[in-house]
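Novice: Line by line, the protein sequences give chains A and B.
For the first sequence, position 396 (counting from the first letter as 1) is numbered 396 according to the numbering used here, and the numbering increases by one without interruption.
For the second sequence, position 67 (counting from the first letter as 1) is numbered 1067 according to the numbering used here, and the numbering increases by one without interruption.
Among the hints, erroneous ones may be present.
Claimed, not checked - Here are the simulated DMTMM-like cross-link-like pairs (lysine to aspartate or glutamate), alpha carbons at most 25 Å apart as the crow flies: (1) K6/A - E1031/B; (2) K6/A - D1143/B; (3) K1115/B - E242/A; (4) K1188/B - D1178/B; (5) K402/A - D1093/B; (6) K1188/B - D1176/B; (7) K1063/B - D407/A; (8) K180/A - D125/A; (9) K1140/B - E307/A; (10) K190/A - E242/A; (11) K1188/B - D1204/B; (12) K6/A - E1120/B; (13) K85/A - D171/A; (14) K6/A - D1178/B; (15) K402/A - D1075/B; (16) K6/A - D1081/B; (17) K180/A - D142/A; (18) K402/A - D1081/B; (19) K254/A - E242/A; (20) K168/A - E154/A; (21) K1206/B - E1031/B; (22) K6/A - D1204/B.
What the hints assert, rightly or not - Some chain B residues close to chain A (C-beta under 10 Å, calculated; not the full set): (23) D1057; (24) D1081; (25) G1084; (26) L1096; (27) P1098; (28) M1112; (29) D1176.
As the list claims (entries may be wrong) - These stretches of chain A come out as covered by chain B in the derived footprint (C-beta under 8 Å, 3 or more residues): (30) 26-38; (31) 277-288; (32) 298-306.
Source of the hints: derived by calculation from the structure; they are not laboratory data.
Bear in mind the structure is a predicted one, so any value in this text is a computation, not a measurement.
Note that beta-carbon positions come from the ideal geometry of N, C-alpha and C, so glycine has one too.
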Amino acid sequence: MNTVMKLAARNLLRYRRRTALTSTLIVIGVVAVLTFIAVSGSFKNMMIGTITDSMLGHVQVHRRSYVASIDSLPLNLNMSPAMVKKVEEALHAAPGVAAVSERVKFGAMFSNFAETTSIRVNGIDPAREAATTPLLPARVRDVPHGAPILERGEILVPVLLARGMRVKAGDEVVLIATNKDGSVNGRTFKVRSELESVTGPGGRDGYIHIEDARELLRMTQPEVSELTIRLTNLDDVERAAERLAASLAAFTNKAGVPALEVHSWQRLSPFANIAKMIDMLTVFIRAILVAIVLVSVMNVMVMAVYERIREIGTLAAIGTRPTRILAMFVSEGLLLGTLGSAAGILLTLGVTAVINTAGLTFDFGQQQGIPLVAQLTVPTLATVGAMVVAIALLASLQPAWKASRMDPITALRHV
Amino acid sequence: MSVVEARDLVKSYRAGDVTVNAIRGVTFAIEPASFVCFVGPSGSGKSTLLNMIGCLDRPTAGKLEVLGTDVARLDRRAAADFRGRNIGFIFQDFNLVPVLTAYENVEYPLVMVQKRPSAERAKRVRALLEAVGMADQADKRPDQLSGGQKQRVAIARALVASSTLVLADEPTANLDRDTALRIIALMKAMRSEFGTTFLFSTHDPKIMQEAEVILTLEDGRLTKDDMRRAA
């Protein structure tokens, strides 16, 4: 095997310019693909992290049909305390659930005593909410780290609304809301802080304490609009949602159909489609890399076989088995792929280091100055590297097979 | 036992719509350690005959035994193994592997064909390079050697695997007269040293004079079987 590899290496060096050109093509392909995966992957993961950890949570549970009419935030589709208690018991018993928080969601009028506008409000338990959406405290401006983000009687106002209504921390505002019976109620709140906007549904909602929400809505019992769940492992979210749905299937309405719906963040956020598009683009980019490696290696190996027909005839004549001749040419392709792949990976590590130290930023939706981070995992490097080597191997198989099947006499006569 | 025994050997092939009868019923036998030359004009069938003896081609009819083996029955892989074990080749254009040194070219059949142990290989290769007078050029690649030197390396390569039979198709065609005579003399010396049978073809009358047996082919038929003993 050493001799086969030695021959392969020397034959590659024999045609230095061609080998360099093919290797460069492979290296460029590998760098382009890995850099795209590094940047798009980290952007995707960062956005998913922001959406789930600062707002949506990983999974949400609602009464049936609530999500279908979520734009109107229907109060008549809240879960009753008895139902919430049973559901929370089931959730705490379910594997993979790290935290659960209750929310009361409603639409209200927001007044600064001079102007009035509409606002979507989440009533939350600050401690439980921080456990399910741990990035929420980071969105709250001017609140020291570790301090409660919200007290009773306070409101977190979305930054764009605060600016539009010219309110700041410490100002008094009024929330006016209609409860599910149509009764209107109002209450003053002290602005705790402005709340940074994030991209996606609920990214521009205000927050008050859940007990204040229930009082404002004159709830006779502690109802809940949605239960937000944080899982121990985000990668497993779809299957976890299915498992939770199965465990909650026992809760049925009068018609005998499940009374509850379980939605993963993908079902709730349009960014899931962008994430899918990024994944598809990654597949396409990988396909382009496959084409580059396939065409360039096959081309160089076809040329190598064509130029060495007499040499192949000689080797066959002196007793080299066809399988050995096949191995010689396959080894050349393998070596070319391995070298290109290794050099490409090393260069990509350099490129990602440059990107990460350059401190580049970009804007996305309401979020500005998002740092451009390039992240690569060992499995990604290994997968792309192995793919290049495998394609190079595949590309060299046909020319190598042709070489191994050559008739020695015809090959020796070749001019 | 004869090294090569051919009886009513026929080889014909299609060239477009035409059937070419390259060998037309040839019968001969070659004894061990012979130094045999096939002569004849271009197209007389010399190369075809050498190709069949070298298991590179199969006869259309007749019987051909090489070292007691009916070579017409060997499949592709068995033929390769048979050549690797028993037959050495010397080519008109030397046909050394350009990326290997003289040493590695000679070593090639022992590594890639016979898979001999490293120590045995080194001993055998050095002995052969010494025998053909190329020990001091062992580290040079073919493009650093003259035509005569390349053919010496090719002879060493043909003999290194302890081949019983060496086939040489016009081995001196690309060499000047003096070098050609030295190569023939070397082949003869190797025959004497290792007891190997040499079969070669040539056009050159001065080279054919060096042969001990001359088989003359004309139009695919053996016209003359000239036995002589070298002085």
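Novice: Give a verdict on every hint.
Specialist: Hints, verified against the model:
Under the criterion of a C-alpha separation no larger than 25 Å, the hint pairing K6/A with E1031/B is inconsistent with the structure, at around 40 Å. Restraint check for K6/A and D1143/B: satisfied, since their Cα atoms lie roughly 18 Å apart, inside the 25 Å limit. Distance restraint check for K1115/B and E242/A: the Cα-Cα separation of roughly 60 Å exceeds the 25 Å cut-off, and the hinted pair is therefore not satisfied. Taking the CA atoms of K1188/B and D1178/B, the gap is about 15 Å. The hint holds against a cut of 25 Å.
Note on K402/A and D1093/B: the hinted pairing holds, with a Cα-Cα distance of about 24 Å set against a maximum of 25 Å. Restraint check for K1188/B and D1176/B: the C-alpha separation of about 18 Å stays at or below 25 Å, so the hint holds. The hinted pair formed by K1063/B and D407/A meets the criterion: a straight-line CA distance of about 22 Å does not exceed 25 Å. Pair hint K180/A plus D125/A holds up; C-alpha atoms about 21 Å apart against a cutoff of 25 Å.
For the given pair, K1140/B sits about 22 Å from E307/A by alpha-carbon distance, which is consistent with the 25 Å threshold. For the hint pairing K190/A with E242/A, the CA-to-CA distance comes to about 41 Å; that exceeds 25 Å, so the pair is violated. A threshold of 25 Å between alpha carbons decides the hint, and for K1188/B with D1204/B the separation of about 17 Å falls inside it, so the pair holds. Annotation: proposed proximity of K6/A to E1120/B holds, straight-line Cα distance about 20 Å (limit 25 Å).
Distance hint between K85/A and D171/A is unfulfilled; the C-alpha atoms sit about 36 Å from each other, more than 25 Å. At roughly 36 Å between alpha-carbon atoms, K6/A and D1178/B are farther apart than 25 Å, so this suggested pair is violated. This hinted pair checks out: K402/A and D1075/B have alpha carbons roughly 18 Å apart, not beyond 25 Å. With a CA separation close to 23 Å, the supplied pair K6/A and D1081/B stays within the 25 Å bound.
Among the hinted pairs, K180/A with D142/A is inconsistent with the structure: their alpha-carbon atoms are about 35 Å apart, more than 25 Å. Taking the CA atoms of K402/A and D1081/B, the gap is near 20 Å; set against the 25 Å cutoff, the hint holds. Note on K254/A and E242/A: the hinted pairing holds, with a Cα-Cα distance of about 23 Å set against a maximum of 25 Å. For the hint pairing K168/A with E154/A, the CA-to-CA distance comes to about 12 Å; that is within 25 Å, so the pair holds.
Using a Cα cut-off of 25 Å, the hinted pair K1206/B and E1031/B holds, with the two alpha carbons roughly 23 Å apart. Proximity of K6/A to D1204/B is assessed by CA-CA distance (about 39 Å); at most 25 Å being required, the pair is judged violated. Of the supplied interface hints, the one on D1057/B holds, with its beta-carbon coming within about 6 Å of a beta-carbon of chain A, less than 10 Å. Residue-level restraint check for D1081/B holds (minimum Cβ-Cβ distance to chain A is 7 Å; threshold 10 Å).
Hint on G1084/B holds. Least Cβ distance to chain A is approximately 2 Å, under the 10 Å limit. The closest approach between the C-beta of L1096/B and any C-beta of chain A is roughly 8 Å, which is under the 10 Å cut-off, so the hint is satisfied. Interface hint at P1098/B: satisfied, since its Cβ lies 7 Å from the closest Cβ of chain A, which is below the 10 Å cut-off. Nearest Cβ of chain A to the Cβ of M1112/B: about 6 Å, under the 10 Å cut. The hint holds.
Annotation: D1176/B was flagged as interfacial toward chain A, and the flag is violated, the nearest CB pair being 23 Å apart, outside 10 Å. Here the region 26-38 of chain A counts 0 residues with a CB under 8 Å from a CB of chain B, which misses the bar of 3, and the coverage is violated. Figure legend: the region 277-288 of chain A, annotated as covered by chain B; annotation inconsistent (0 residues with Cβ-Cβ distances under 8 Å, at least 3 required). Against chain B, the region 298-306 of chain A contributes 0 residues with a C-beta closer than 8 Å to a partner C-beta. That does not satisfy the three-residue criterion, and the hint is violated.
Hint compliance for this structure: hints 1, 3, 10, 13, 14, 17, 22, 29, 30, 31, 32 are not met, and every other hint is.
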